[in-house]
Amino acid sequence: MLIALDLDLTLMDDPVAMISRSGASGTLIAEFRALSDATAMDGAPKYAPKPVMHGLARFITSASGGPNKDSELFELCHLIAILGRLAPGPDARAEFFLGFSKAAASVFRASIHGYDGAGDLEAITVDEVGVGVRYGDGEFAVRYGRIPLLAALYEFLIASDGFAHYQDINDVFDGLGGGDGNVRQIQDAANALSSIMRQYRRKHIERAKYYEKFNAIFTFLRARSGDNQIHVDDEAVLDFWVSSNGAGDFRVYKTVFEGFIEFIKTFDMGGRTDAIEHSAVIGTDFEAHEVEPDDQSGDIFALGDWQSPLAVLLQGAAADIKFLKKESEQKPIEALMQYGPYAERLAMAFLRLESFGPIQAGITNDLQVKRGRASVENRITCKDAFEYRQKVRDLENILDHVKQLQKAAYHVLTSQPGAENNVVSLFGGAPETSFQAARNNDALAEVDASAMAEIGAEAEAVFRKIVRKGFEESVLESEDRIEGFRVGAGALVAMESLLVRYIKTATALDNAPPDLAERFASDRATFAARFQTLYGEPQ
Amino acid sequence: MNSYTITDDKQIDTAREIFSDLNAMNDVLVEAANTGIEAALAPAELYAFALGTAGPNGAKVEAALRASAPIRAAFQDLLARVSEYHVPRAMAAASDDIAVRDGVDCKISIQPSQAAPDQVYVIVELTRASSRLPKVMHLMGAGNVYHRAELPEFHDGIAQLIVESTSEIITLIQHPDTEVYLK
Numbered sequence: 002m003l004i005a006l007d008l009d010l011t012l013m014d015d016p017v018a019m020i021s022r023s024g025a026s027g028t029l030i031a032e033f034r035a036l037s038d039a040t041a042m043d044g045a046p047k048y049a050p051k052p053v054m055h056g057l058a059r060f061i062t063s064a065s066g067g068p069n070k071d072s073e074l075f076e077l078c079h080l081i082a083i084l085g086r087l088a089p090g091p092d093a094r095a096e097f098f099l100g101f102s103k104a105a106a107s108v109f110r111a112s113i114h115g116y117d118g119a120g121d122l123e124a125i126t127v128d129e130v131g132v133g134v135r136y137g138d139g140e141f142a143v144r145y146g147r148i149p150l151l152a153a154l155y156e157f158l159i160a161s162d163g164f165a166h167y168q169d170i171n172d173v174f175d176g177l178g179g180g181d182g183n184v185r186q187i188q189d190a191a192n193a194l195s196s197i198m199r200q201y202r203r204k205h206i207e208r209a210k211y212y213e214k215f216n217a218i219f220t221f222l223r224a225r226s227g228d229n230q231i232h233v234d235d236e237a238v239l240d241f242w243v244s245s246n247g248a249g250d251f252r253v254y255k256t257v258f259e260g261f262i263e264f265i266k267t268f269d270m271g272g273r274t275d276a277i278e279h280s281a282v283i284g285t286d287f288e289a290h291e292v293e294p295d296d297q298s299g300d301i302f303a304l305g306d307w308q309s310p311l312a313v314l315l316q317g318a319a320a321d322i323k324f325l326k327k328e329s330e331q332k333p334i335e336a337l338m339q340y341g342p343y344a345e346r347l348a349m350a351f352l353r354l355e356s357f358g359p360i361q362a363g364i365t366n367d368l369q370v371k372r373g374r375a376s377v378e379n380r381i382t383c384k385d386a387f388e389y390r391q392k393v394r395d396l397e398n399i400l401d402h403v404k405q406l407q408k409a410a411y412h413v414l415t416s417q418p419g420a421e422n423n424v425v426s427l428f429g430g431a432p433e434t435s436f437q438a439a440r441n442n443d444a445l446a447e448v449d450a451s452a453m454a455e456i457g458a459e460a461e462a463v464f465r466k467i468v469r470k471g472f473e474e475s476v477l478e479s480e481d482r483i484e485g486f487r488v489g490a491g492a493l494v495a496m497e498s499l500l501v502r503y504i505k506t507a508t509a510l511d512n513a514p515p516d517l518a519e520r521f522a523s524d525r526a527t528f529a530a531r532f533q534t535l536y537g538e539p540q
Numbered sequence: 243m244n245s246y247t248i249t250d251d252k253q254i255d256t257a258r259e260i261f262s263d264l265n266a267m268n269d270v271l272v273e274a275a276n277t278g279i280e281a282a283l284a285p286a287e288l289y290a291f292a293l294g295t296a297g298p299n300g301a302k303v304e305a306a307l308r309a310s311a312p313i314r315a316a317f318q319d320l321l322a323r324v325s326e327y328h329v330p331r332a333m334a335a336a337s338d339d340i341a342v343r344d345g346v347d348c349k350i351s352i353q354p355s356q357a358a359p360d361q362v363y364v365i366v367e368l369t370r371a372s373s374r375l376p377k378v379m380h381l382m383g384a385g386n387v388y389h390r391a392e393l394p395e396f397h398d399g400i401a402q403l404i405v406e407s408t409s410e411i412i413t414l415i416q417h418p419d420t421e422v423y424l425k
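Chains A and B supply the protein sequences, listed in that same order.
Residue numbers for the first sequence follow the working numbering, beginning at 2 and rising by one.
Residue numbers for the second sequence follow the working numbering, beginning at 243 and rising by one.
Don't take each hint at face value.
Residues on chain A that point at chain B, a partial pick, calculated with CB under 8 Å [stated by the list, open to error]:
| id | residue |
| --- | --- |
| 1 | 58 |
| 2 | 221 |
| 3 | 331 |
The following label-pair restraints were derived from C-beta to C-beta distances [claimed, not checked]:
| id | chain 1 | residue 1 | chain 2 | residue 2 | range |
| --- | --- | --- | --- | --- | --- |
| 4 | A | 480 | B | 254 | 51 to 61 Å |
| 5 | B | 346 | A | 130 | 36 to 46 Å |
| 6 | B | 298 | A | 320 | 22 to 32 Å |
| 7 | A | 203 | B | 254 | 13 to 23 Å |
| 8 | B | 408 | A | 480 | 36 to 46 Å |
| 9 | B | 247 | A | 535 | 28 to 38 Å |
| 10 | B | 254 | A | 535 | 45 to 55 Å |
| 11 | A | 111 | B | 315 | 28 to 38 Å |
| 12 | A | 452 | B | 255 | 48 to 58 Å |
| 13 | A | 41 | B | 249 | 31 to 41 Å |
| 14 | A | 185 | B | 247 | 49 to 59 Å |
| 15 | A | 477 | B | 249 | 56 to 66 Å |
Derived by calculation from the structure, the hints in this document are not laboratory data.
All residues carry an ideal CB built from backbone N, CA and C; glycine is no exception.
Excised from the complex, chain B in its bound form (with noise of 0.2 Å):
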């Protein structure tokens, strides 16, 4: 027999606290396994993204990263706590295009190409050496925009991308808004 005393109110009311607590983390364990209800974005994955080893949750965190303003703010929270090289937004706003990013221990310039008159080269220099050179380039642009490059490698402190001139990260890197951080 389970028998309790039922001293006052108080007591009653605790214990419909209680009651309500545990049922309550019931139907999360019970749900959680259960629902159709999608899994949110979860902190690890946006860091794992920074890092530029999102794998298979990539999309994922594009998506995210453009429908939420928070996680944005989050995603460029933890590029700056991350990334080895970053390039804030230009001091003047510029009327015409802006060739070059300056950056501390690092520039991004953009330079035309002679072959191919249609394509562009967005070089890469770090002025600074680092024992971990950068894999990946995240370009976070005004209100929703955001894009990220995988750099290849660099050779004395320099890399080069060759990109459509009117790629989006062409449009980007010239625009005064867009940080860059280099991870």
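So that you can see chain A by itself, here it is in the shape it has in the complex (with noise of 0.2 Å):
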């Protein structure tokens, strides 16, 4: 209780904390933000939405899950050590971490490459990597691919709390800058941070209304199952929403759905609880733990730190090649990359959020905008929702053009000389087997040798049928295009094997009674009950 007094005593002081929505104080969206909105040169992002600024996120709020919650700061310690021995001046920190436009790897890595030898050399070891270093009692070594988020934690860090900090957290980093130094000295460092960060989180995240929600859901689980175990499946999302008093954020379905995912993906992470516990201490065993999520497409897409392929395929590289049209492509997918596996996992809790997600936005929106009762008594009847079925031919079709897409990108990164290297590590370490299964919608099978020639010929004429941009005979000989259809390759990958996973999951369902038309109409009679009355006028 004392605690909550605190934290609403202080969230009142924050000057923009009653503007934020959120459990996050304005304090700290705003202090986000200077980071997310900050361009480079050429108006793209400084740093990447993903990984970069959803990793800083996920590090602020304590989401990461991992062994130890500050492991970041341990790890922007060493890379501070490791700078002070390769450009020992007093403004080499600060000319590495803010001296940039474009937060990327390559850009740390050519910056640690130009060092001209003036430090103390002979406990650094630079590679095409990283960069390590060793001490008198270990070593440690920092991948280009994560210099990004550090730079990015580096700057939040010294700004965090309108620069309260920054004194306190320049003496920290200074005193690691010395040829002396041991592991010791920089887990003490990270805990001198980590207790900053635990200060910053308490000041201004609001954790109450978090708890209050996972105390609903948790509460209605229980009482469902009866024994020590819970069953998150779709009817306990759509009877949960049914049955809430309509206040609160569970009045909206989607906010429902999403807290569900939410709640799996925390029991998914029970084998991570130690994280909490042990969060104080930082450094031991951290090798062992260490995640990576550098700016290789492939690191992206694993279970538990789901990111939409779909994004990727808008930032960067990728961005400049149009392999699927907004409305008619990119539109009826973006749920199901947004939610990725989850969303398989809720299958027929995310076929109703598609159906009926857009009705709900709709008389919100008509209610905000003072549309009329006409207009909000039409939708509640549901009548204009999306058929199941329907849904799911749309996605069978986008899922013909990902295969064709996939083609077409085969072709351009199996054109360039010494080319198979790329395709292997985009492919899963066997382009032609995964192109073939790619092309027939089978398992991984074995194609031999033979039948490569076939393969590259079909990709080749798939790829001269698309006429979009970035489709252009040119692109083979140009980089930045090539490394668009690296990256989109990726993601392509990546969205056909979720397509596939929730088609045939939904083929499922179709195929066991009720069916998913008969589905359909029982479940527009439920949403439209609930709408009216949510939103329909008294009887």
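Fit the two chains together into the complex; they arrive one by one in their own frames, and the hints show the way.
What follows is the structure in structure tokens.
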């Protein structure tokens, strides 16, 4: 109770706390935006939204779920110790972290390779993957792919709370520059920073509202189960929404659906629950659990840390290639790509979201803009909702297109000299079999070498048939475009995999009674009745 | 089916924390993209301003320097790290205005203009050669006062500005509490 009172008082001191709608204070949002809004010379984001800003948000909110929630601080301190040895001048740290306009691994790699040897280089190793340091009692390496996130973290830390901790943090960093450092010193520095972050989190994240949300879902599920098991299924999502009292966040079906997804993620992360208990101590056994969300496309699609492959197609080098048309090819799969494997795990609940979520959004919008009762009453009937089978057919059509895009990407990537290695890394070690699987919608199968020519010819034909920006013949000679296809191919593989799995699950639902048509009819009545309760005129 | 076995209250408490963390993270990402809350000052903006390359963000940085003591302190630290030349506060509190300020390897003096009585020269003299000649003069005054001036090209280690004798830059140079950084 005392803690809750503390939080409220602290947040009241925050000049923009009341503007923030979430449990994060206005100050936190403003300080996060200082980095997420920053742009490079070309107008692109200075820090990639994913994985960099996503990773920073995860760090700030302690949502990393790893063995130690502040392990990034440990890594940052090592990097600063490395910089202190590579470039010992007073302005080297500021120049390294603040003096660039684009926070990319390649930029930092060039910067580190560019140091001219004025520093204490005996303990430093620099290679193409990263930079390492050897202390008297241990060693550590930082990959270039991690540095964009560490740079964002550096900026966030020194500016936190309106630069209130700037000097304290700088003092910690200044202490890491000497040549006699050891791992213990790094751990102490990281712990000092961790202490500042704990205070920041307590001050700027109001957890009570999230606790209430968790308690509501957990109590509901526990009451349904009746034993020491809880079951999170499609019907639980619908029943929870229908039975909620209509107040607050749970009035909206989408919010309920997302709450249940977070609930599943929470219990999936149960194996890593020691993160909270041990978050005060940094450094022990870090190496064994190091997360490496660098700029390689394949790293961002791991289950548990799902990020939309669609977003990957829309940023960086891939953004200049029109893989998908916005309305007809992106929009229908946006939600599926956003929720990823969790949509598959609550497949029916997701179909309901796709069909009835837009109806509820429309009603809310009608009420906000005061469009009039007629429009609201019309929407309440749900007569314009997408039928489930139509939704699945739409996904099948887009899957076909994604397969075509994969072939086109395959052609671009295999047309480059020495391309075999690139394609192997993108298509999971067996490009020809992956492509064949894409072609046939089969499981991976062995494809002999003689089939490769046929596959290549087909890929080339598909590439030439696509008349869109980025698919011109000239792309085969453009490094930027090829990089776009490299990134895009990884995203396309992830998209295909998800679409195939989801369609399979939906088809299985359709093949068992009640089929999707019957489910849709029943659900439409349920949603219409609920909308009537929430938004209809009193009878 | 997503099924989980509940073992004890500790597991629930831990799950509640994780759930809270995940939701907070989503809120930060969603709200940062959609909110009307203005972005705070980023350290890189402050750094660019110290280097004299602030561009369109200059007004935002200057406003922050006037409004926030911690930001001023951070800025002064950055200036100290990046500046080639520094004029510290004057040792003695002078009753008269100071006409010459001495720094390490540099000197700033004020001389009246013969041609225009209401104007004065600010003469910046470098006594140590440097491969990087300063382009900006940052003046950190007492309280919230900050002023910056673009420096003209140096010739033989000397750059001259001509300004109104009542201008803020003169007031600041003459004040013993003002620190000057040349970058």
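Hint by hint, here is what the structure shows:
Contact between residue 58 of chain A and chain B, as hinted, is supported at the beta carbon level, the nearest pair being about 5 Å apart and thus within 8 Å. The beta carbon of residue 221 of chain A comes no nearer than 14 Å to any beta carbon in chain B, farther than 8 Å, and the hint placing it at the interface is violated. With a cut of 8 Å, the hint placing residue 331 of chain A at the interface with chain B is violated, because the nearest CB-to-CB distance is about 17 Å. Between residue 480 of chain A and residue 254 of chain B the Cβ separation comes to about 53 Å, which falls inside the hinted range of 51 to 61 Å.
At roughly 42 Å, the beta carbons of residue 346 of chain B and residue 130 of chain A sit within the given window of 36 to 46 Å. For residue 298 of chain B and residue 320 of chain A, the Cβ-Cβ distance of about 24 Å falls inside the hinted range of 22 to 32 Å, so the restraint holds. In this structure the hint that residue 203 of chain A and residue 254 of chain B lie 13 to 23 Å apart at CB holds, the actual value being about 22 Å. Checking the proposed 36 to 46 Å range against residue 408 of chain B and residue 480 of chain A shows it is violated: the Cβ atoms sit about 58 Å from each other.
Restraint check, residue 247 of chain B to residue 535 of chain A: a C-beta distance of roughly 35 Å satisfies the suggested window 28 to 38 Å. Taking the beta carbon of each, residue 254 of chain B and residue 535 of chain A are about 30 Å apart, not inside 45 to 55 Å as hinted. As the Cβ distance of residue 111 of chain A to residue 315 of chain B is approximately 32 Å, the hint placing it in 28 to 38 Å holds. Checked against the hint of 48 to 58 Å, the pair residue 452 of chain A and residue 255 of chain B passes, with Cβ atoms roughly 56 Å apart.
Between residue 41 of chain A and residue 249 of chain B the beta carbons are some 49 Å apart, a value that contradicts the proposed interval 31 to 41 Å. Range check, residue 185 of chain A to residue 247 of chain B: about 40 Å between beta-carbon atoms, so the 49 to 59 Å window is missed. Evaluation of the 56 to 66 Å hint for residue 477 of chain A and residue 249 of chain B yields a pass: the beta carbon distance comes to about 57 Å.
Comparing the model with each earlier hint shows violations of hints 2, 3, 8, 10, 13 and 14; every other hint is respected.
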